[in-house]
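So you can see what is in the structure, the chains are spelled out below.
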Amino acid sequence: MTAALPLDNVSLSYGDGDSQVHALNGVSLQVDPGEFIGVVGPSGSGKSTLLAVAGALTRPESGSVRLAGEEITTFSDAELARVRREHIGFVFQSSGNLPSALKARDQLEFAARITGGQGRRTTAELLDAVGMSHRAGHRPASLSGGERQRIGIARALVGDPQLLLVDEPTAALDRQRAQEIVSLLARECHDYGVAGVMVTHDLGVLEHCDRVLDMVDGRLG
Amino acid sequence: MFLAWRDMLFARTRFLLMGLVLALMSILIVIISGLTAGLVNDGVSGLKAMGEEGAEVVAFEDGTQTDSAFTRSIVPLTAADDLAAADGVAEAAPMGLSIVNARNQDGTPVDLTLIGVEPDSFIAPEGMPEIAERTETELEVTAFADGQRTFGHVDMGYVPLDVWQEAHAGARAGEAAHEHAYGEASVVVAQGTPTGTVDGLDVRTLEESFQSSPGYGPETMTLSMIEWFLYIITALVTGAFFLVWTIQRSGDIAIMRAMGATRGFLLRDSLGQAVVILALSIGVGVALAVGLGLWLESSPMPYVTEFDRIAAGAGMLFISGLIGALVAVFRVTRTDPLTALGENR
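Chains as they are written, first to last, in the numbering used here: chain A, 1 to 221; chain B, 222 to 566.
Please note that a few of the clues may not be correct.
Unchecked claim - What follows is a list of derived Cβ distance ranges for each label pair:
{"hint": "1", "chain 1": "B", "residue 1": "G504", "chain 2": "A", "residue 2": "S43", "range": "52 to 60 Å"}
{"hint": "2", "chain 1": "B", "residue 1": "L230", "chain 2": "A", "residue 2": "A3", "range": "40 to 48 Å"}
{"hint": "3", "chain 1": "B", "residue 1": "G504", "chain 2": "A", "residue 2": "D32", "range": "52 to 60 Å"}
{"hint": "4", "chain 1": "B", "residue 1": "W449", "chain 2": "A", "residue 2": "R120", "range": "25 to 33 Å"}
What the hints assert, rightly or not - Pulled from the structure, derived: some chain B residues nowhere near chain A, Cβ distances all over 10 Å:
{"hint": "5", "residue": "D228"}
{"hint": "6", "residue": "F231"}
{"hint": "7", "residue": "V261"}
{"hint": "8", "residue": "R293"}
{"hint": "9", "residue": "N322"}
{"hint": "10", "residue": "A323"}
{"hint": "11", "residue": "D332"}
{"hint": "12", "residue": "D376"}
{"hint": "13", "residue": "D423"}
{"hint": "14", "residue": "A482"}
{"hint": "15", "residue": "P558"}
{"hint": "16", "residue": "A561"}
Note that these hints are calculated values from the structure, not bench results.
All values reported here derive from a predicted model rather than from experimental measurement.
C-beta: ideal position from N, C-alpha, C; glycine also.
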C-alpha cells in the first residue's frame, strides 16, 4: 500500500539570522490510507506549520512533499489550490469556521461547488454520517460548538479527499463532546480509507489515534 | 454566486441600506440630467431649431467675446454675401437678434427675443410674414413656429429683418431709422462650413455658438460638475461598503482559499454581489426618478426627460460603483489561506 502522504526530510524556517526559527527541521512522515494519526506538542513546536506544508497551503524550503503521486514542492499557488481542492479536506480549529449565512446543508453544497464535485456520498448521507441530519436547515449561529465541528467534518469530507487534516478539533469542546468528535474523525478515516492527521494538545483524545507522534522544536519523534 | 446570494439575504439590512444610498444617487443623477437638458433647451432651443433647418455655422463680428456674443455682434449685410461666396458654404443669411422688453396683448410686460430674418432665407420658419403689420409698436402674431424656440430662457419672435433693424436702432412706430441701420444684422448664419477665414468675421460652429447664449456655459458646467462629483462619490461609497464587507468576511475568505477556491471563483462571488446590488438599486432609482421627472415636466421647471442621457448617466453610475467595488474586493485574492489555521482567527 502506498502512503497517501509521504513527507521526506522537510524543512521550513521563519525569519533570519539570530531570530531564525526552524518551524520544521528535517521532518519525515508517512501516513497510509485509512490511518488516523495524532501529532502532539507544545505551542510553537511547528504543529501548525506541519499541517500547512502537508495541506499544500505553503511550500517547504527543502525536502519533498508528494500528494496523490504529485511532487508539489515546486507548484505555483494556483496548482497548490487545485491540489487542495482535489485531494485535501481541512477541519479547522475555530468553531467560527463556517460562513454564517449558510445553513448546514448549504455548507456542504458550497464545499461541493469549490471542490468541483460531490464525491461518493451525497449531502444527505454526509450529514447522516456525522449525525447532523436533524440540523440540516440550521445556520451556524443556532448550532452548538460540537454540532458546528460535526458540520465542519462533513464539509471536509465532501469530494472524497485522500487526506484529512485536522487542526485542534476539540479546542472549544467539553470532554464528552471532544471524545465524540475525535472518534467520529477516526471512524471516517478507517471506513473510507482516508489518511488523517490531527494536530492537538488535548492528550485525552489520543486513544482514538492509530499512532501518536511528538513534535518538539520542529522535529517529529 | 452560491454564497453571494445567501450572504446578501442574510445581511439584508446592510445591503438594503447600501441599495437605498445607490438608489438615491440614481434619482439625483436622473433629475440633474433632466434639469441640464431642460436648461440647455431653454437656453438654445431656438438655435437648435435653426440647426434642423440646415444652419451649420454662425459668423460673428470679428473680435466679439464668446459670452453673450449674439447680442453684441454687429455685422454689415454684405458679410452674408462674403460668407456665401466662401469655399464650402452653400447658403448664408443675415440674422438680427436682440432681447427686448415688450407687452403681450393683456399689457403684461414680457421679455422677447426678437429675431430678424429675411423672409425668403433658409432660417425663416414656416408661416413667416412677408411684412409685419406695425401699428404704433405693436407686432401682430401671424403664425407660430413649430417646437420650442427660446434663446437665453426667453421666447423668440421672428420678424422681417427690416423690422428688427428699426427696433434695434430704437426707431419709434412710423419713424424710419437712420440709413445705416438698414445695412446691419447681428450675425450671419450659413449652411456649410467655410474652408478658409472670411475677412471681418469670426466663424463658429452652431454648437460653439451655444456658448454665446446667456448663461449657457455656467449652467451646463455647474450641472455637469455635480454629475461628475456624484460618480466619484458613488465609486467611493460603494468601495467603502465593499471594503468593510470584505474585511468582515475575511475569515470566510481564508477558509474558502484553504479549501482550494480559485481566485476567479472568489472574485466572481464577490463582484457578483456588487453587480446585483448596483443593478437593482440603480434600476429602482432610475424608474422612480423617470416617474418623478414626467411629473416635473408638467411643472414650470425647465425639465426634459432624455432617455439616452438617462441611460448614459445610469451606465456611468454602474461603472463608477463597479470600479469602487473592484478595488475593495481585490483584497479577496490577497487573503492568505494560511490564516485559516491555528488561532489566527
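Given as non-interface: B/V261, partner chain A, CB spacing beyond 10 Å: Holds, since 48 Å exceeds 10 Å.
Whether the CB-CB distance between B/G504 and A/D32 falls inside 52 to 60 Å: holds, 58 Å
B/D332 non-interfacial with respect to chain A [C-beta, more than 10 Å]: holds, 63 Å
Assertion that B/A323 lies outside the chain A interface [Cβ separation over 10 Å]: holds, 69 Å
Assertion that B/A482 lies farther than 10 Å from chain A (Cβ): violated, 5 Å
Check on B/D423 being off the interface with chain A, judged by Cβ distance over 10 Å: holds, 64 Å
Exclusion check [B/F231 not at the chain A interface, CB over 10 Å]: Violated, because the least Cβ-Cβ distance between B/F231 and chain A comes to about 4 Å, which does not exceed 10 Å.
Least C-beta distance between B/R293 and chain A, which was stated to exceed 10 Å: holds, 67 Å
Distance restraint evaluation - B/L230, A/A3, Cβ atoms, bounds 40 to 48 Å: holds, 45 Å
Outside-interface status for B/P558 - nearest CB in chain A farther than 10 Å: About 5 Å separates B/P558 from the closest Cβ of chain A, which leaves it inside 10 Å; violated.
Separation of B/A561 from chain A, once the least beta-carbon distance is taken, above 10 Å: Given a closest Cβ separation of 6 Å, the condition is violated.
25 to 33 Å as the expected CB spacing between A/R120 and B/W449, which holds or is violated: violated, 58 Å
Hints 4, 5, 6, 14, 15, 16 from the list above are not met by this structure, while the remaining hints are.
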